[in-house]
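These protein sequence lines map, in sequence, to chains A and B.
Counted the way my numbering counts, the first sequence spans residues 1 to 261.
Counted the way my numbering counts, the second sequence spans residues 1 to 287.
Treat the hints with care, since some could be wrong.
[Stated by the list, open to error] In silico lysine to any residue, SDA-like type, Cα no more than 25 Å apart, as pairs:
hint: 1; chain 1: B; residue 1: K198; chain 2: B; residue 2: G90
hint: 2; chain 1: B; residue 1: K186; chain 2: B; residue 2: G74
hint: 3; chain 1: A; residue 1: K71; chain 2: B; residue 2: I213
hint: 4; chain 1: B; residue 1: K158; chain 2: B; residue 2: V110
hint: 5; chain 1: B; residue 1: K158; chain 2: B; residue 2: G202
hint: 6; chain 1: A; residue 1: K152; chain 2: A; residue 2: K204
hint: 7; chain 1: B; residue 1: K183; chain 2: B; residue 2: V110
hint: 8; chain 1: A; residue 1: K43; chain 2: A; residue 2: Y61
hint: 9; chain 1: A; residue 1: K204; chain 2: A; residue 2: K36
hint: 10; chain 1: A; residue 1: K204; chain 2: A; residue 2: A115
hint: 11; chain 1: A; residue 1: K71; chain 2: B; residue 2: A126
hint: 12; chain 1: A; residue 1: K43; chain 2: B; residue 2: W227
hint: 13; chain 1: A; residue 1: K36; chain 2: B; residue 2: L42
hint: 14; chain 1: A; residue 1: K204; chain 2: B; residue 2: N269
hint: 15; chain 1: A; residue 1: K71; chain 2: B; residue 2: K158
hint: 16; chain 1: A; residue 1: K43; chain 2: B; residue 2: F39
hint: 17; chain 1: A; residue 1: K71; chain 2: B; residue 2: K186
hint: 18; chain 1: A; residue 1: K71; chain 2: B; residue 2: L71
hint: 19; chain 1: A; residue 1: K71; chain 2: B; residue 2: K198
hint: 20; chain 1: A; residue 1: K152; chain 2: A; residue 2: D32
hint: 21; chain 1: B; residue 1: K183; chain 2: B; residue 2: I172
hint: 22; chain 1: B; residue 1: K278; chain 2: B; residue 2: G74
hint: 23; chain 1: A; residue 1: K36; chain 2: B; residue 2: A35
hint: 24; chain 1: A; residue 1: K71; chain 2: B; residue 2: G58
hint: 25; chain 1: A; residue 1: K71; chain 2: B; residue 2: V234
hint: 26; chain 1: A; residue 1: K43; chain 2: B; residue 2: T30
hint: 27; chain 1: A; residue 1: K43; chain 2: B; residue 2: L36
hint: 28; chain 1: A; residue 1: K36; chain 2: B; residue 2: P64
hint: 29; chain 1: A; residue 1: K71; chain 2: B; residue 2: L89
hint: 30; chain 1: A; residue 1: K71; chain 2: B; residue 2: S150
hint: 31; chain 1: A; residue 1: K97; chain 2: A; residue 2: L66
hint: 32; chain 1: A; residue 1: K43; chain 2: B; residue 2: L196
hint: 33; chain 1: A; residue 1: K43; chain 2: B; residue 2: V141
hint: 34; chain 1: A; residue 1: K36; chain 2: B; residue 2: K198
hint: 35; chain 1: B; residue 1: K191; chain 2: B; residue 2: S242
hint: 36; chain 1: A; residue 1: K36; chain 2: B; residue 2: N63
hint: 37; chain 1: A; residue 1: K36; chain 2: B; residue 2: W32
hint: 38; chain 1: A; residue 1: K43; chain 2: B; residue 2: I213
hint: 39; chain 1: B; residue 1: K186; chain 2: B; residue 2: V263
hint: 40; chain 1: A; residue 1: K152; chain 2: A; residue 2: R50
Note that these hints are calculated values from the structure, not bench results.
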Amino acid sequence: MIGFTRRKLLGFGGVAAGGSLLAACDSLAHNDGITKVVRSAEKASLGWQRAIGRDALAPEYSLADLSPDFKVNGTHAPVEAQYQAMLGNGFADWRLKVSGLVANPTEFSLPQLKALPARTQITKHDCVEGWTAIGQWTGPQLGLIMQAVGPKPNARYVVFRCADNYGGEASKGGAQSTSLYYESIDLIDAFHPQTILAHSLNGKPLSVGHGAPLRLRVERQLGYKQAKYLMELVVTDSYASFGQGGGGYWEDRGYEWYAGI
Amino acid sequence: MATAAEINDMPAPAGQPYLFYRHALVVRATHWINALAIFFLLMTGLNIFNAHPSLYWGTHGANPDTALRWLQIGAQNVGGSLRGFIDILGARIDTTGLLGVSTHNGAPSVIGYPAWATFPSYRDLATARSFHFFFAWVLIVNGLAYLAYSLVTGHLRKNIIPNAHDLAPANIAHDVVQHAKLKFPKGEDAKRYHVLQKLAYGGVVVVLVPLVILTGLGMSPANNAAWPWILDIVGGRPNARSLHWVAANLIAIFIIVHVVMVVLAGPYNEIRSMITGKFRIDPETAK
């Protein structure tokens, strides 16, 4: 009996020691000083990657490399009444609004965007979770739109406002509050030749799952930067006043703003 | 205080144990920085892996691409009880308790790698990523410092990379037998690494760590644009991710064997030598 009790005690001790070790480790993730130091790596990665390839092009693939079934992720179908109404009307009433620090605030209809010179590129889509899909995207370069609206000298970022109110998943980054999806990139990526506003995937208009009628492709960053269901582009000197100030939906939930890695 | 060279030049006292200066300061410092970085890199890596516990071989690879998937950790319901499994190269192995399904806070939890093996212990891809990339920078900067030191002093060439004598089959066979008998070198023979140690340390420093860094970079979309040659070599981002996992596993196996050998060889003397540099040499016992 004594031996049994001792073993049991040792067992509890072991579990408690293991548990407190885990808790001690986890507490590092909640320490403000430590997370500040750890997160400084994001600036190092951005600086380094810009240094070795500021204008480098993402690899492009051939039609033979396309994913047979391009995975839909994030919002599969926005439930918002405004989006449903636009979808029901074939996006005839949809307009892409471009505003903020620009000389000529403009609204583009879908036919107007489709009439612009387009770039078609077969690229890979790298999800932050680790999977990769390859698709062929078509749409006007964002740089072309930017030239049309004329960013002011103090412009630094383009913020993308979307139509979907994404609830997120509790398992991906902790407690989630719902809010309209948004994203942001700097002007280096905005003027990169492969940064396009895609209206087609694999030669067909975007499906609802892939972001109809228009989504961003910023090919040197991860999937969560590729904002779907675009409604408005705001050119700005700071993204601090959008959402919770992180520069994007997932950024507000702890993910890096610079998603090149 | 005697310098390292002075300590090593002192005549060895006959039949007495004495201290030998074994590890230079740079080697000791980079060793422990490396140990800390790799500890966090492995545990955050397992947390990141849990976000999508599958590996593919090809230029693309996602949930629908089952034909390209060569590894998956998952859970299934068998007769009302949750069972964890790993599918690897077509074979399914029940891994309940370790992979797929493990006990956390007394309840079965559906998760790829178990909570005790990941940092943070709960699912948190964002935090795991930010710690992973911080310690990846530490690993790279620390590794470059070690390489620079080795180039200047010839440390790798002199002490780590096996020479022709080391690689002679008879010598390898002898070292295997010595290891199997757990007979550790004594006297003058304890002042250098033997071939299995050299292959293990050299394999980690020259092969596995460069491989894990390059395949890590190969998963970065911005790096794919700047340095497309990494993807050209491995054949695709899913391959980079697969090889990153393989290299990390081999590094983890090395660490387990390394720690076991330190314990068997005499943990006090071994750990002291990697902290103070001084290693106790025991006299050769009379035959």
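Does K186 (chain B) pair with V263 (chain B) here, judged by a C-alpha cut-off of 25 Å?
holds, 16 Å
Quickly compare the C-alpha distance for K43 (chain A) and W227 (chain B) to 25 Å and report which way the hint goes.
Holds, at roughly 19 Å.
Taking 25 Å as the top limit, are the C-alpha atoms of K152 (chain A) and K204 (chain A) close enough?
Roughly 35 Å between the alpha carbons, so the hint for K152 (chain A) and K204 (chain A) is violated.
Are the Cα atoms of K36 (chain A) and A35 (chain B) separated by 25 Å or less?
At roughly 22 Å apart (the allowed maximum being 25 Å), A35 (chain B) and K36 (chain A) satisfy the hint.
Restraint status (C-alpha distance of K158 (chain B) to G202 (chain B) at most 25 Å):
holds, 12 Å
Given the hint that K71 (chain A) pairs with V234 (chain B), test it: the Cα-Cα distance must not exceed 25 Å.
holds, 23 Å
Checking one constraint from the list: CA of K183 (chain B) to CA of I172 (chain B), max 25 Å. Satisfied?
Since the Cα atoms of K183 (chain B) and I172 (chain B) sit roughly 15 Å apart, the hinted pair holds (cutoff 25 Å).
Between K43 (chain A) and Y61 (chain A), is the straight-line Cα distance small enough, at 25 Å or below?
Distance of about 30 Å is beyond 25 Å: violated.
Proposed proximity, A115 (chain A) with K204 (chain A) (alpha carbon, max 25 Å):
Holds, because 15 Å separates the two Cα atoms, which is no more than 25 Å.
Given the hinted pair K71 (chain A) and L89 (chain B), is their Cα-Cα distance within 25 Å?
holds, 23 Å
Does the alpha-carbon distance linking K71 (chain A) and I213 (chain B) stay inside the 25 Å limit?
violated, 28 Å
With the threshold set at 25 Å, check whether the alpha-carbon distance from K204 (chain A) to K36 (chain A) stays at or below it.
violated, 44 Å
Of the hints listed earlier, those the structure fails to meet are numbers 1, 2, 3, 4, 6, 7, 8, 9, 14, 15, 17, 19, 20, 22, 28, 30, 31, 32, 34, 35, 36, in rising order.
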